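Novice: Spelled out, the chains give:
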Amino acid sequence: DAGVTQTPRHEVAEKGQTIILKCEPVSGHNDLFWYRQTKIQGLELLSYFRSKSLMEDGGAFKDRFKAEMLNSSFSTLKIQPTEPKDSAVYLCASSFGDGNQAPLFGEGTRLSVL
Amino acid sequence: GDSVTQTEGLVTLTKGLPVMLNCTYQTTYSPFLFWYVQHLNEAPKLLLKSSTDNKRTEHQGFYATLHKSSSSFHLQKSSVQLSDSALYFCALSDTNAYKVIFGKGTHLHVLP
Chain A
1 DAGVTQTPRH EVAEKGQTII LKCEPVSGHN DLFWYRQTKI QGLELLSYFR SKSLMEDGGA
61 FKDRFKAEML NSSFSTLKIQ PTEPKDSAVY LCASSFGDGN QAPLFGEGTR LSVL
Chain B
115 GDSVTQTEGL VTLTKGLPVM LNCTYQTTYS PFLFWYVQHL NEAPKLLLKS STDNKRTEHQ
175 GFYATLHKSS SSFHLQKSSV QLSDSALYFC ALSDTNAYKV IFGKGTHLHV LP
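Protein sequences, first through last, are from chains A and B.
The first sequence begins at 1 in this note's numbering and counts up by one.
The second sequence begins at 115 in this note's numbering and counts up by one.
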């Protein structure tokens, strides 16, 4: 079964660079989520799309983080400019969006900012 | 707004013992509750889900009961195994927004 695909799996960036993370949701899923995972903060919601419309953009992450969903099968998360504190695992998840369906996660992108 | 609380950051116990991981939530709408398990360097995977009050749900030896009266959805297992060592997340969705928010997670460490 095709799951959620995230690329790249690992990314190393220098402070101040722009990086773009990619996500392909499960075909037919209407909801797409971007999360950041760190040991201290746990899973933090960055962005939430429903049928390609941005429903939530994660408040505190607005200034340097921008998620887009140009079509139903592809989403990007841009971080510009990167800072060392952005080092984390970025997880993308998708679901049918009827509340009772738990999101299915991709394997994540591990970002290291030097 | 909605919130999920997991009170234990780390639970350590010996193989064969029972375990309960706490999860309480807050929402003003009808809730959907989930438990996810994440093994090291893997993606979180769904373990259990429920939206039915007072009904026990089970999977892979784990079980949980949603209690709306106490806003709880604790995860239990009667006899933990070494392979159960992982990070466990409780998550909440509701009939208003459907976005899913997660608790901080509980590390379960099972000793031989």
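Some hints could be false.
In silico EDC-like links for lysine to aspartate or glutamate, alpha-carbon gap of 16 angstroms or less [unchecked claim]: (1) Lys78/A x Asp63/A; (2) Lys218/B x Asp63/A; (3) Lys163/B x Glu83/A; (4) Lys213/B x Asp98/A; (5) Lys39/A x Glu122/B.
Chain B is nowhere near these chain A residues, computed Cβ spacing over 12 angstroms in every case [said to hold, decoys possible]: (6) Ala13; (7) Thr18; (8) Phe65.
Treat the hints as calculated values from the structure; they're not laboratory data.
Remember, predicted model here, so these are calculated numbers, not experimental data.
Just so you know, even glycine gets a beta-carbon here, dropped at the ideal spot from N, CA and C.
Novice: Each hint: holds or not?
Specialist: Going down the list of hints, with the structure as the test:
1. Lys78/A x Asp63/A: Roughly 11 angstroms separates the two Cα atoms, so the pair holds.
2. Lys218/B x Asp63/A: With Cα atoms ~24 angstroms apart, Lys218/B and Asp63/A exceed 16 angstroms; violated.
3. Lys163/B x Glu83/A: The given pair, whose Cα atoms are some 37 angstroms apart, is violated under the 16 angstroms limit.
4. Lys213/B x Asp98/A: holds (10 angstroms)
5. Lys39/A x Glu122/B: holds (14 angstroms)
6. Ala13: Its Cβ never comes within 12 angstroms of chain B, the nearest being 20 angstroms, so this holds.
7. Thr18: Correct as stated: the minimum Cβ-Cβ distance to chain B is 25 angstroms, above 12 angstroms.
8. Phe65: Holds, because the least Cβ-Cβ distance between Phe65/A and chain B comes to about 17 angstroms, which exceeds 12 angstroms.
Hint violations for this structure: numbers 2 and 3, all remaining hints satisfied.
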